[in-house]
Amino acid sequence: MGLDYKSIGKRIKTARVQMDITQEKLAEMVNLSTSHLSNIETGTTRVSLPTIVNLANSLHVSVDYILADNVVQSKAVFENELQSVLKDCDEYEIRIIADIAAATKATLRKERKLRKSNGTGGI
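Here the working numbering = 1-based position in the sequence shown + 6.
Some hints here could point you the wrong way.
[Claimed, not checked] Listed below are the simulated EDC-like cross-link pairs for lysine to aspartate or glutamate, each with C-alpha atoms no more than 16 Å apart in a straight line: (1) 111 x 85; (2) 19 x 85; (3) 19 x 34; (4) 16 x 87; (5) 12 x 96; (6) 16 x 70; (7) 81 x 96; (8) 16 x 75; (9) 19 x 30.
[As the list claims (entries may be wrong)] Computed spacing ranges between beta-carbons, pair by pair: (10) 16 x 95: 15 to 25 Å; (11) 28 x 122: 10 to 20 Å; (12) 113 x 75: 15 to 25 Å; (13) 59 x 108: 33 to 43 Å; (14) 121 x 26: 38 to 48 Å; (15) 26 x 88: 14 to 24 Å; (16) 105 x 37: 44 to 54 Å; (17) 108 x 56: 35 to 45 Å; (18) 31 x 59: 10 to 20 Å.
None of these hints come from the bench; they were simulated from the model. Yeah, the Cβ is synthetic: ideal placement off N, Cα and C, and Gly gets one too.
Just need the whole structure built from these sequences, with the hints factored in.
Now the structure itself:
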C-alpha cells in the first residue's frame with residue numbers, strides 16, 4: 007500500500023490555514039521553496055519523513071495527524087479531530103451532530119453486514 011500524498015498535503019494545508027500562516031512563511035520556516043511546499047500540499051510530489059517531521063513541528067501538530075489517513079490504527083487522531091469540531095458547538099448543534107453521527111454509524115454497519123452476507127467483503 008502506497009502513501010496517499012494528496013491526503014498528507016491536505017492535512018498540511020489545513021493545519022497551515024488554521025494557524026493563519028502563508029505558504030511562503032511556512033516554506034521559510036521549514037527551509038523549503040514555496041513551489042515545493044505548494045506541490046506537497048497538492049499531493050503532486052512526495053514528501054520525505056524529515057520534511058514531515060519539520061512541518062509537524064512548525065505547525066504544532068503531530069506526525070500522526072499528518073499521516074492519519076494513511077495509518078490503519080489512527081482512531082485516536084480522528085477522535086481528537088471530532089472533539090476539535092465539537093468544542094465550539096452549542097447544545098443544539100451538538101444534538102444535531104450526534105443524531106447525524108448515530109444515523110451514519112447505523113448505516114455503515116448495516117452496509118457492512120449486507121456486504122458480508124452477499125460475499126462482497128466488508129471494510
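Do the hints match the structure? See the list:
1. Between the alpha carbons of residue 111 and residue 85 the distance comes to roughly 14 Å, so the proposed pair stays at or under 16 Å and holds.
2. At most 16 Å may separate the alpha-carbon atoms for a hinted pair to count; residue 19 and residue 85 exceed this at roughly 20 Å.
3. Annotation: proposed proximity of residue 19 to residue 34 holds, straight-line Cα distance about 15 Å (limit 16 Å).
4. At roughly 14 Å between alpha-carbon atoms, residue 16 and residue 87 fall within 16 Å of each other, so this suggested pair holds.
5. For the given pair, residue 12 sits about 33 Å from residue 96 by alpha-carbon distance, which is inconsistent with the 16 Å threshold.
6. Distance hint between residue 16 and residue 70 is fulfilled; the C-alpha atoms sit about 14 Å from each other, no more than 16 Å.
7. Distance restraint check for residue 81 and residue 96: the Cα-Cα separation of roughly 25 Å exceeds the 16 Å cut-off, and the hinted pair is therefore not satisfied.
8. Using a Cα cut-off of 16 Å, the hinted pair residue 16 and residue 75 holds, with the two alpha carbons roughly 10 Å apart.
9. Restraint check for residue 19 and residue 30: the C-alpha separation of about 12 Å stays at or below 16 Å, so the hint holds.
10. For the pair residue 16 and residue 95, the supplied restraint of 15 to 25 Å holds, since their beta-carbon distance comes to about 23 Å.
11. With their beta carbons about 48 Å apart, residue 28 and residue 122 fall outside the hinted range of 10 to 20 Å.
12. Between residue 113 and residue 75 the C-beta distance comes to about 21 Å, which sits within the given range of 15 to 25 Å.
13. A C-beta distance of roughly 38 Å is found between residue 59 and residue 108, which places it inside the suggested range of 33 to 43 Å.
14. Between residue 121 and residue 26 the beta carbons are some 43 Å apart, a value that agrees with the proposed interval 38 to 48 Å.
15. Restraint check, residue 26 to residue 88: a C-beta distance of roughly 23 Å satisfies the suggested window 14 to 24 Å.
16. At roughly 47 Å, the beta-carbon separation of residue 105 and residue 37 lies within the given 44 to 54 Å, and the hint holds.
17. Our hint of 35 to 45 Å for residue 108 and residue 56 holds, since their Cβ atoms are close to 42 Å apart.
18. Between residue 31 and residue 59 the beta carbon distance is about 18 Å. The supplied range of 10 to 20 Å therefore holds.
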